[in-house]
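Below, each chain spelled out in residue letters.
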Amino acid sequence: MFASLLSLDYRRKRLLKRLPPGVMRDFYAVPFPSRSSDCRELEFAALDLETTGLNPQQDEILSVGLVILRGEQIELQSATHRLVRPQSDIPENSAVIHHITDDHAATGESLAQVLTELLPLLAGKVLIAHHARFELQFLRTACERHFGCRFFMPTIDTQEVARRTLERRNQSFRPQQMRLAELRERYHLPRYRLHNALSDALAAAELFLAQLAQHDLSRPVAVKNFLLKV
Amino acid sequence: MDVELIEIREFLAAHPPFDLLPDEVLDTLPQLLTVRYLRRGVDFPPEHGEAPPAILLRMGAVELRDDEGRLLQKLCEGDIYTGACPDTAEALATKGKCVEDSLLYLLPCDALQSLRQRFTPFNSYFEQSIRLRLQQAISQLQQSQGNISNLMSLDSGALIRREPVSIAPEASIRQAAQLMSEQRVSSLLITEQQQLLGIVTDRDLRQRCIATGTDTAEAVSSIMSREIFTLEAERPAFDALMEMTRRQIHHLPVTRSGALLGVLSATDLLHQHSLNTVSIVGRIRRSSTTDELVETAQELPELQLQLIQSGMTADHLTQALCAVTDALSQRLLTLAEEKLGSPPVPYVWLVCGSQARREQTAFSDQDNALLIDDALQPEHESWFAELARFVSDGLARCGFEYCPGEVMATNPKWRQPLREWRRYFSQWINSPEPMALMHSSIFFDMRPLHGEEALYTPLRDEVLAQCRENRIFLHYMAANALKHRPPLGFFRQFVLVHDGEHDDSLDLKHRGVIPVVDLARVFALSAALPQLNTQERLRAAEQAGALSRDGAEDLLHALEFIATLRARHQAEQQLAGEALDNYVRPETLSRLERTQLKDAFAAIRAMQEAMEQRYQTARFA
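In the order they appear, the protein sequences are chains A and B. In terms of our numbering, the first sequence opens at residue 39 and continues consecutively. In terms of our numbering, the second sequence opens at residue 539 and continues consecutively.
Just chain A, with the same shape it has in the complex:
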């Protein structure tokens, strides 16, 4: 079981020793939560990125939405939305999705600045995102480019949780049923207009609460039930 969180925290400690002072060192200085912790005792950061495209090598982050969960409670006070100023023009085919125009994006901050604000908010928490590999890949690329450092943290992919649940029940499903909007409807969550980073982050956070609520909450529910395999 190399894919255990224990090894993730082991990797964190090993990396920490080699890191110079700075944003990344501060981030890795906070221990990752234990895999056996009860979800109700943890803090989560639900995150969503809007980008100019799907390729983390070529495409750029345009906006970041984030909301913090304390146990089974979403703290809206923590809701954060940041626009990122891209290096190149925003392709039209992505602008129709996220509605961020060049003019709008020009009011944003540099990616390094946004990361510097973002990383302390993520430290010590569990990341939540829908189709989290996408967010992880973009964050990884961004951290490597701007801080020359790898990025990893314990992560819950709400899409993966949904897929595993259905697979466990031997239920077949179509890919579009795994989309955020469809899954939310399944759990009787309100319809949101998607593709705003903060709305999507909140949407994923609520979906996670609904998934958590499916467990027997009279007993501790270990976070490892939800974590993405690394």
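You may find that some hints are simply not true.
Unchecked claim - Derived CB-CB ranges, DEER-like:
hint, chain 1, residue 1, chain 2, residue 2, range
1, A, Asn-263, B, Glu-585, 16 to 26 angstroms
2, A, Glu-205, B, Gly-587, 28 to 38 angstroms
3, B, Val-580, A, Thr-203, 18 to 28 angstroms
4, A, Asp-47, B, Val-580, 26 to 36 angstroms
5, B, Arg-935, A, Glu-223, 56 to 66 angstroms
6, A, Leu-159, B, Gly-587, 18 to 28 angstroms
Please keep in mind that the hints were generated in silico from the structure rather than gathered at the bench. Quick reminder that beta carbons are idealized off the backbone N, C-alpha and C, glycines included.
Following the hints, put chain B in place on chain A, whose structure we already have.
Coordinates of chain B only, in the frame set by chain A:
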């Protein structure tokens, strides 16, 4: 960026009471919230830490029950629960359960409190007193119907345009007529040492002097009307209208602190009202055939509509309509007597139910009965049968449907001499049977309309005295009064009924108006009060100590709100050319109106429960 938490902001902005908050507060309000998700079957409210929250339902449904497991309330999207907050009006008790998967927004109670302190309209939503909320609701309802009718907001005194014109009783008729022409008035008061002796009008000059050939040199007192009804200046102009309509007079002396202020004429009131009850009643009085009456009666729906649109409350509306119905019935009776000849023995025509209570809307059913002198002989019966048939058919043609329960003078059972009526009441009161009593409660709302009133008064007094003495009868009446229950409130597009069932539409009559009418009847009978009108009964019961002041106020407000909503509903149906009914679909009510209705229901329910306790009705149901 300005899109922060837009989904949540929009939701708040669309739901009372948050929609009452200014934009800049709504912009920051979402940040004060936390979000929780409770699965179906989970207890509500969820456990909280040191700071209890108010809870707004974003999705899902919650049932709240009291300690005995009775359903109190069912919350859905947009409903707010403040039961965990200190100082709220919410029922204390409550064990709740999510009956659907639910997404909740939690607002710390102290944050709610601070919003309440800063914003008055927002605060009034949480106002503790149902009474205050209902008062507000009634005035809002009236305002939404256009201008508040002048007749209700004006004192009678305010409509008096000039000093009274008067003359001494010994002056001649000619002098009186000269003075009236000089002063350009249509009526003249006859006074002696500031004392009002009588009144002479244009019509008196025509009918009692010119038409009869009386010498104009005679004293004016010979043609004056003597028993003068006067109205205090503080009474609303509406009351003047009602008195004129009922008494069929066109001039009403108005006094202030006992002193004559002036004369109010029907024309003065006419200026305040376009289609007016006085003029309709005047036409009814002049009609000489049923056909003419039918024609005039066709204006009733239009009259009802106009009165509602003028902002009249339901009480004033039904009083006005009842004045017209009374006039129609009276005229039909007179026409019948003209056709059949004078009655073989004295009788009195009685109206029952809503007409007796003066709570009729245009085109209620007709409920009536005949009380005949004990000298009645078998050969007289056909005269009374024909009278009843003539009046009842006439009313039906005027739009008042035959009573489905056959409570009409055409039914021999309700066309009886005094001794039979005594026997009926004695049986109902002294050996009550639940079913029989249920059908007879209509006879405890009864009013003489035409004929020998003296026949009825002793019967009424006997009945009232017996009612008060007979506890068992009162127990049964109380049990009857609790047959119609107001709903708990609303749940989505449904009406939430007592046992947790849902109705598609709200029957404003049987679930709102009737419960109050029934309660008031028991209060009145228990204290032997002669009043019939529900509002008058409640006020009199309060005076007599049969009902607490708060209880009376609550019921009055609840009734007024529900009845006015009902009148408005019927006006809308009329405008849309639909048949009139009492059924309101919840989705057509605003969220505010739902809340206000829920308050009204709660007020009625509280009084029903008090009556249940007092009369131990469970044993008599």
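Evaluated hints:
The supplied range of 16 to 26 angstroms is met by Asn-263(A) and Glu-585(B), whose beta-carbon atoms lie about 22 angstroms from each other. Under the hint 28 to 38 angstroms, the C-beta atoms of Glu-205(A) and Gly-587(B), about 37 angstroms apart, fit the expected range. The supplied range of 18 to 28 angstroms is met by Val-580(B) and Thr-203(A), whose beta-carbon atoms lie about 19 angstroms from each other. A C-beta distance of roughly 33 angstroms is found between Asp-47(A) and Val-580(B), which places it inside the suggested range of 26 to 36 angstroms.
The given range of 56 to 66 angstroms is respected by Arg-935(B) and Glu-223(A), whose C-beta atoms sit roughly 59 angstroms from each other. Hint check: Leu-159(A) to Gly-587(B), Cβ distance near 22 angstroms, so the stated range 18 to 28 angstroms holds.
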